[in-house]
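Keeping the supplied structure of chain A fixed, place chain B upon it in accordance with the hints.
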Amino acid sequence: MTTSSRQLTHLERLEAEAIHIIREVVSEAEKPVMLYSVGKDSAVMLHLARKAFYPSPPPFPLLHVDTTWKFREMYKLRDRMAQESGMDLLVYHNPEAAEKGINPFDHGALHTDMWKTEGLKQALDKYGFDAAFGGARRDEEKSRAKERIFSFRTASHGWDPKNQRPELWNLYNARKNKGESIRVFPISNWTELDVWQYIHLNDIPIVPLYFAAERPTVERDGMLLMVDDERFPLKPGEVPVMRSIRFRTLGCYPLTGAVESAAKTLPEVIQETLLTTTSERQGRAIDKDAGGAGMEVKKQQGYF
Amino acid sequence: MTDTTTDPVYVTDALIAEDIDAYLDQHQHKTMLRFITCGSVDDGKSTLIGRLLYDSKMIFEDQLDALHADSKKVGTQGQEIDFALLVDGLAAEREQGITIDVAYRFFGTEKRKFIVADCPGHEQYTRNMFTGASTADLAVILIDARKGVLVQTRRHSYLCHLIGIRNIVLAVNKMDLVDYSQEVFDKIVADYAEFAESIGIESFVALPISGFKGDNITTISENTPWYQAPQYYGRTLVDHLETVELDTTFARAKPFRMPVQWVNRPNLYFRGFSGLIATGSIKVGDAVRVLPSGKTSTVAKIAVADNKAHLPAISDTDITTEKYLELVSGKDEAVAGESVTICFADEVDCSRGDVISIADTPPQVADQFEATVVWMNDEPLHVGRAYWLKLGTQMVSATIQHAPKYAVNVNTMEHVAVKTLELNAIGVVTITTDKPIVFEPYAENHTLGGLILIDKMTNSTVGAGMLSFSLRRAQNVHWQALDISREAHAGLKNQKPAVLWFTGLSGSGKSTIANLVEKKLHRMNRHTFLLDGDNVRHGLNKDLGFTEADRIENIRRVGEVAKLMADAGLIVITAFISPFRADREMVRSMLPSAEFFEVFIDTPLAVAEERDVKGLYKKARSGELKNFTGIDSPYEAPINPEVRIDTTGMTPDQAATLIVDTLLGDA
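Protein sequence lines correspond, in order, to chains A and B. First residue of the first sequence? That's 296 in our numbering, and the numbers climb one at a time after it. First residue of the second sequence? That's 30 in our numbering, and the numbers climb one at a time after it.
Just chain A, same shape as in the assembly (with noise of 0.2 angstroms):
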């Protein structure tokens, strides 16, 4: 069928977007990157940044802010999308995170706050970008309802609530005074199904881990945790249990909670998504971190 006799999809409108924003952050930007963390988010972003300069491979690089905690199985997904998309990969480990061996295990928030907040800064600093891609979305809980698809943030990285600009239509002000930059959300108005339904009409390659399998596990106050490999330290008596697992979202493989499945395929993982009511990021330790007002403080140290 084509489009002239029937409605753009909302997938079709939601896809176009992002296409428009991406490509306008890139004619406007002096210097864009595009954070990439190797979940399916970033999986979808990436995708459309190909389709958005094809056929020339987008003109910016993918950054991961890396915290050397993810699964194995995301750091070979990352290496390979980078040199199929033709993009450059820039990984960045804060080093003194590295120097003061910060892990997961033994420093709880810390862990996320050097490798992944400071890194983050650290490595925009360092290579000078003025514009970050990111792949957050308005559904994802209360506080990201309100966030601009352009989001400012000072010099230090600092996200003021107050200071933000009203965006009208679908017309964007990228313009920032030396210093400061911009975080951009092109997939702002996707929900979790969308994000799913792109993935699977796209065939866009993502990480195994989403997909049932089974895989070595302990449980720990209530969470799953998958043992990826032999840093995970076991308790006095602790044993790994194979269990059918999968993950709902990817971080740092100590701290991302696993939910017992057996969907196999994508459509059976949508199919459980759909009929599992529990919200996305529950599965994430950083949400419980500071009470209910754990991301909004997050954002204002400079957090995605």
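No lab work stands behind these hints: they were computed from the structure. Hints may be right or wrong, so weigh each one.
Said to hold, decoys possible - Derived pair list, reagent style DSS-like, types lysine-lysine, alpha-carbon separation capped at 25 angstroms:
| id | chain 1 | residue 1 | chain 2 | residue 2 |
| --- | --- | --- | --- | --- |
| 1 | B | 337 | A | 371 |
| 2 | A | 471 | B | 485 |
| 3 | A | 559 | B | 337 |
Model, not experiment: these values are computed from the prediction.
Chain B only, in chain A's frame:
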């Protein structure tokens, strides 16, 4: 038609469990509607949105648990679920003094995905509501059935209408609290209809609902058997939202326009222009025009990546543009709302800020407009200050040179005289841009008629505007792009084109000296033309008088004619009083800077009046002649002219020689 006896939500739910592929197929083919809800918490706005999210299962279990707990703790609905708590970030923010913002919520039904802009309704949040309304296809205006049409109802309706929302739903809420009374409903609808007509809202759909009880939200209520919706509208709120016409459908019926965002040039064989199609549709082979240059070509390719988005692999060693284009994936036709990359059959200049249009009905190009502006910053509008103006992908410098024509009192719709626009004020102004922009009236095209104003110091978005029409007449003519350039015209004549713009009082000697200059140039084989004030006024400008406005128009026309002649390669000599500095500067700005020579024939008023060759000063002094320059109309002498001739110190021939030397010395 939907079987209205079955709750559509549960049908969907069952499908997820029974046949996920069928469900995904259904979801894949959904369209999208964006709408705004207007009203305060008191009208049950949060409750309504909460109910829509709840009914479409957009609430997760953990959120629901929190909701149940909160409902008992702080809810206002006893033991029942208080839906308002679901969307209630805003009340808390108000207490904390954080900017009250637009929150976007998402839900879906079998047929559509919905994005709801949830904005605060108080007058001090007009800018927030305006922001939320700018992307909406539809507005739900909520009314508390017990209170009827209020001041805020009018304000919200006016704002929605102003920003061009074509679908208005009047949701008369809390019908349960007025015993589902038809009289109450009819009275409110009649009141609203009267008001709507007065501000130009052509049609609206009224629904009796209860967000709290769920009447006429997703299912037809048994409590309102008297309610008869027109056949072609939905009978419940959700049914209506699912079937109402989308703005993209409307936009598609318009002529093709696409603002160019980015030039895509991966290699020597491909040059494409990327953008989001604003209106209309385009096919391979269509004749297109690039604005503002006016150059035309045809569409050779509409490049769109396929789902793999793999870059074309060049294996052929003798690759050509034609072969490369075949390797690039694309489509035959694209429509409004799609992001594409268009390739032309010819090498035509085109870059960011240009607009690609269908060739035969291009948009207009102008540099002065009447616009309605909503001010969005704490710092008021500074009349005369330059702001950045962004419209589509065009970014130009713009000023509002005079106080607004009027501002609108958003509660009474009365026009009020103002000197500037403060935060949340709405006013009608004249915007002048430093160079012509491609535009269409906002009512015709939101992309080419909607603009934002940006403070040049802080870079804040300080205002939003909607262009009504262009204020300079001649601009409705489209540039005809010419293959023989102005350089080619001048080259054939072996000269550099120029405009010698004489200015000075009546009787100062302009015509005499201008004539001598032309004779000298002619003898030197220069191609010239003399435009004389009196002669032009007998022909081209015989419809103009001597009021200030007519004098400005007189000079503007002469300036345009002089520019055309300079484009033809001529040395143009003009002899007009041209008393206003701003008008001469306007002409100067039309031409390349090296081609405009302002020649000030500096004769004191007393000397000119004494000469009075045409007897005009005598008439002016006696009052017989009005608006005479130097007598009862000012002459603004040039500050820094290219040539200044003191006629009290040299003969006309000496003056002419000096002018010719200056011209050729520079030329």
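Evaluation of the provided hints:
For the hint pairing residue 337(B) with residue 371(A), the CA-to-CA distance comes to about 20 angstroms; that is within 25 angstroms, so the pair holds. For the suggested pair residue 471(A) and residue 485(B), the alpha carbons sit about 10 angstroms apart, so the restraint of at most 25 angstroms is met. With a CA separation close to 22 angstroms, the supplied pair residue 559(A) and residue 337(B) stays within the 25 angstroms bound.
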